[in-house]
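Build the full structure now, drawing on both the sequences and the hints.
Chains as they are written, first to last, in this note's numbering: chain A, 1 to 147; chain B, 1001 to 1432; chain C, 2001 to 2430.
Just so you know, these hints were derived from the structure itself, not from any lab. Possibly wrong hints are sitting among the right ones.
Here are the simulated SDA-like pairs of lysine to any residue, each with C-alpha atoms no more than 20 Å apart in a straight line [said to hold, decoys possible]:
#1 K2174/C with G1071/B
#2 K14/A with G2412/C
#3 K1164/B with P2073/C
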Amino acid sequence: MKQLKQISIFSENKPGRLKKITKVLAEEGVNILAINIASSNGFGVIKFIVDKCELAYQKLKQKGFTVSLNEVLAIELVDRPGGLFEVATMLSEKKINIENAYVLILGSRKKAFLIVDVDDIEKAKKLLKHENLRFFKAHKNVKRETV
Amino acid sequence: MIWNKEAECMRIGEREKLQLARMKAILKRTYENVPYYKKRFDEIKFKPGEIKSLEDIRKLPFTTKTDLREGYPFGLFAVPRREIVEVHTSSGTTGKPTVSGYTKKDIEIWGEVVARALTMCGATKDDIIQNGYGYGLFTGGLGVHYGAQRIGATVIPISAGQTKRHLDIMQDFGSTILTCTPSYALYLTEAAEEAGINIKKLKLKAGCFGAEMWTDRMRDEIEKRFHLIALNIYGLTEIIGPGVAQECDQKNGLHIFEDHFYPEVVSPETLEPLPEGEKGELVLTTLTREGMPMIRFRTRDITALRREICKCGRTLVRMDRITGRTDDMLKIRGVLVFPYQIEKALLEIKGVEPHYQIIVTRPHHLDEIEVQVETSKKLFSDEVRHLEEVRKKIENRIENSIGLRVKVTLVEPKTLPRSEGKAKRVIDKRQL
Amino acid sequence: MFWQKDIETISRKALEALQLKRLKQTVRQAWTNVPFYRDYFSKLSIKPKDITSLKAMQKLPLTTREDLRLNYPFGMLAVTKEQVVRLHTSSGTTGKPKAIFFSKKDVDRAADLIARCLIMTGVKKDDVLQNMMTYGLFTGALVMHYGAEKVGVLVIPAGPGNTKRQIALMQDFKTTTLHLTPSYALYLASVMHNEGLDPKKDFFLRRAYLGSEPYSEETRNKIEKFFGIDVYNSYGLSEMNGPGVAFECMEKDGMHLWEDNFIMEIIDPETGDKLPEGEKGELVLTTLCREAMPILRYRTRDIAMIIPGKCKCGRTHRRISRIIGRSDDMIIIRGVNIFPQQIERVLMGIKAVAQNYQIVLEAYDQMTVRVEISKDLFDGRVEHLVNLQNEITEKLRSEILVKPKVELLEPGTLPVSEGKSTRVIDKRTL
Chain A
1 MKQLKQISIF
11 SENKPGRLKK
21 ITKVLAEEGV
31 NILAINIASS
41 NGFGVIKFIV
51 DKCELAYQKL
61 KQKGFTVSLN
71 EVLAIELVDR
81 PGGLFEVATM
91 LSEKKINIEN
101 AYVLILGSRK
111 KAFLIVDVDD
121 IEKAKKLLKH
131 ENLRFFKAHK
141 NVKRETV
Chain B
1001 MIWNKEAECM
1011 RIGEREKLQL
1021 ARMKAILKRT
1031 YENVPYYKKR
1041 FDEIKFKPGE
1051 IKSLEDIRKL
1061 PFTTKTDLRE
1071 GYPFGLFAVP
1081 RREIVEVHTS
1091 SGTTGKPTVS
1101 GYTKKDIEIW
1111 GEVVARALTM
1121 CGATKDDIIQ
1131 NGYGYGLFTG
1141 GLGVHYGAQR
1151 IGATVIPISA
1161 GQTKRHLDIM
1171 QDFGSTILTC
1181 TPSYALYLTE
1191 AAEEAGINIK
1201 KLKLKAGCFG
1211 AEMWTDRMRD
1221 EIEKRFHLIA
1231 LNIYGLTEII
1241 GPGVAQECDQ
1251 KNGLHIFEDH
1261 FYPEVVSPET
1271 LEPLPEGEKG
1281 ELVLTTLTRE
1291 GMPMIRFRTR
1301 DITALRREIC
1311 KCGRTLVRMD
1321 RITGRTDDML
1331 KIRGVLVFPY
1341 QIEKALLEIK
1351 GVEPHYQIIV
1361 TRPHHLDEIE
1371 VQVETSKKLF
1381 SDEVRHLEEV
1391 RKKIENRIEN
1401 SIGLRVKVTL
1411 VEPKTLPRSE
1421 GKAKRVIDKR
1431 QL
Chain C
2001 MFWQKDIETI
2011 SRKALEALQL
2021 KRLKQTVRQA
2031 WTNVPFYRDY
2041 FSKLSIKPKD
2051 ITSLKAMQKL
2061 PLTTREDLRL
2071 NYPFGMLAVT
2081 KEQVVRLHTS
2091 SGTTGKPKAI
2101 FFSKKDVDRA
2111 ADLIARCLIM
2121 TGVKKDDVLQ
2131 NMMTYGLFTG
2141 ALVMHYGAEK
2151 VGVLVIPAGP
2161 GNTKRQIALM
2171 QDFKTTTLHL
2181 TPSYALYLAS
2191 VMHNEGLDPK
2201 KDFFLRRAYL
2211 GSEPYSEETR
2221 NKIEKFFGID
2231 VYNSYGLSEM
2241 NGPGVAFECM
2251 EKDGMHLWED
2261 NFIMEIIDPE
2271 TGDKLPEGEK
2281 GELVLTTLCR
2291 EAMPILRYRT
2301 RDIAMIIPGK
2311 CKCGRTHRRI
2321 SRIIGRSDDM
2331 IIIRGVNIFP
2341 QQIERVLMGI
2351 KAVAQNYQIV
2361 LEAYDQMTVR
2371 VEISKDLFDG
2381 RVEHLVNLQN
2391 EITEKLRSEI
2401 LVKPKVELLE
2411 PGTLPVSEGK
2421 STRVIDKRTL
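Structure, rendered in structure tokens:
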């Protein structure tokens, strides 16, 4: 299974930054599947899940952006009440701390994934290996589905 | 080394004569110049001439902080305002602050008594005194400054905080005497260790610590970490500032400079005078102050007086370390508790840092005490089981000491707030 | 009104003779007791006896703050450590500050100079001085305190900050005289204005001494108008005792520099050539009465000029103009001297930041340090960035003694700079 990577971009908190970043992605034919913006004390970090993450990372870097690529958990959410509660319970029992979380929705709204940023991704993957969770499978889904 | 042999080693009989003469003089001057006191003396039909012995002062009413607040700012001055050359205030957490006013002569007296105190710590004119008490309206900084000036020592007026500066200067200039609050002294040792400084190489030989309550155990801790002799200085803004009393190297009580400040100990409940050796509230009367004489001022500090001969050669009466204030005193489920008792119990246990905080709450109509204590790095990285043992041990020790069950929480080293001035040990969350 | 009338109105001829006598003593003392000066003299092949006139001063080397730094801690001391009664320090470009030593006589003299300044501006024994400078290692507050003690006024050792309390003290004690920085004076005015207080009606203020920071004539007028008082300009530097080196008299037309205690020269900061009266240049000062730490021809880095002509007040000590600028890159904020090098050093020690930074000064006392983060060390975590921001703030505060605001920037945002002009953006209108 190809790992799901998240692109994080450091940006000053001023108008026009998001425009500049998304322009690059658009020009390269990169599709954005999910986005999350966290800001604090005058700066912000914009996180993306895209379909061509290696390409996007290289291009953004070339253009002078301050970008990093890191692995995240992408846990499938069942579309009914209690769906998120189950996932949250699992993470809590394993004492996995959520640093940041947002949702990725695919295509016809049939599948939703909780993108979770954690402190220690390897530890988290180990802890969740045998649990009853479904994870995002990069190859298969991305080629066919779009937001 | 004694700064003023004549005054500090005077024969007791002679000193009592001196005290009586000064007492008569101050009462006369106060009666004639301070309308507030005249009114109170008239109310009990007292005339200054009626003082025939030192005990007669008991006929007079007490002065409290409330009286000072009511007299703010100039109501208690005994001289025309233009004679006052310096004022200090003490923090007013409730309502108006209180003022202490000094004439030129008062500043000289202040310098004199603090000089005695510093000399008791071993300071001479060849010493370098690093002053970490806050300078400004607080009396600590300038008080020690004046005393050090009088001795002719080198004074480095760093003031409170600025830890990096303190450490740099200690090393670069070879300071020999450190003056600051005991909690800050402890903090400096931590900062020094963190910075990799070899404390043994420092030239510090003595510390003159005060402005907050601290135990003998705390003293041992500071002496061990700082490699110096740590002595206690006592004072209060309303009387003069630091310099009312000082511990000598016998470490057996603080000598009160009673030729300037006449001490009494009374029961905080009944206000009746207590005999020597019994703990109660310290009451002070200034015998020489010009600007703002204080007659029978209730300090709220708990201590006992002792007149046994001290090996240091001084004949000045000694007071015990302050173990609490009458208003420090917590009433938990009807039992009187002093933070001091908790500190004492805590520091008897290994693996515990002298950093703690007492939190009092009343979650379900019953008082609860939680004592948060920092563990040492080593203990913290130990097995959970071991930590639990230590925690229970502390709980038992404290229960034995104060007669109440407390909850003890062990916290990581360096998580409790550090102070640069007086440490805030008790957080009372009850809405009393 | 004069504190020491004879010396303050001494004839120029007698004053210059006195200066020469004291200069000779100082040079001999420096040469005999301070190895730094002795070495310097022998390098230039000069001896104390070569100083036969005031003109001969030109032969003497200039002393810089770099010299003080290299001789830290005791290298500039001219007496034994036991004779030192006070140590003060002042910010240095690198981690260590400059050390200034005082003997008992030095402290007394410094107090006398302040007393001259107080009396010169109409202060009497029944005045009340609220000392709002920082007490401690800075000379600003304590030296004023010693001088005020001499005169016998009531001193309120308030220190800076806690504006509500400052205002209460002014009302309760009927303060007549303030000692504070111009930036704090402006801030105080704005707080009073917002509270609906009118110092002209509700207070007893008569005068204020503004120092530790340069400020304009407009600012002085603004403060005088709002408070209804006289504002007098005060000049000093820790290396020369602190405040009390030069002070305005009631004419408010330049600051009298006490020439019986200091010899002043104005030099071209590039060439070192002496400049005549009336021309702007760098102020160089030589101590004439200092025991513990005599300093010869000290480059203050302050740009000013000597005002030619006599002052109506009758004092014969010449006046210098307001400080017009600096010949180095030192900045002053909230009365504290800060060198960009100090900030640079702190930043260099933090891995996650790149080399590029900018200092922005605005309002009265706002300092923002803008830092570019390192591209390679960005790991996407907001929390880490916040921690970084806090770390930078705390380390800077510990070094420069003022707490700045810290802004994290993307690499490439700031112009690549060489000098102060792009590193420091001063938007203040003091």
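Now the hints, each set against the structure:
1. K2174/C with G1071/B: Holds. K2174/C to G1071/B sits at ~16 Å (cutoff 20 Å).
2. K14/A with G2412/C: holds (15 Å)
3. K1164/B with P2073/C: Measuring from Cα to Cα gives roughly 16 Å; hence the hint holds.
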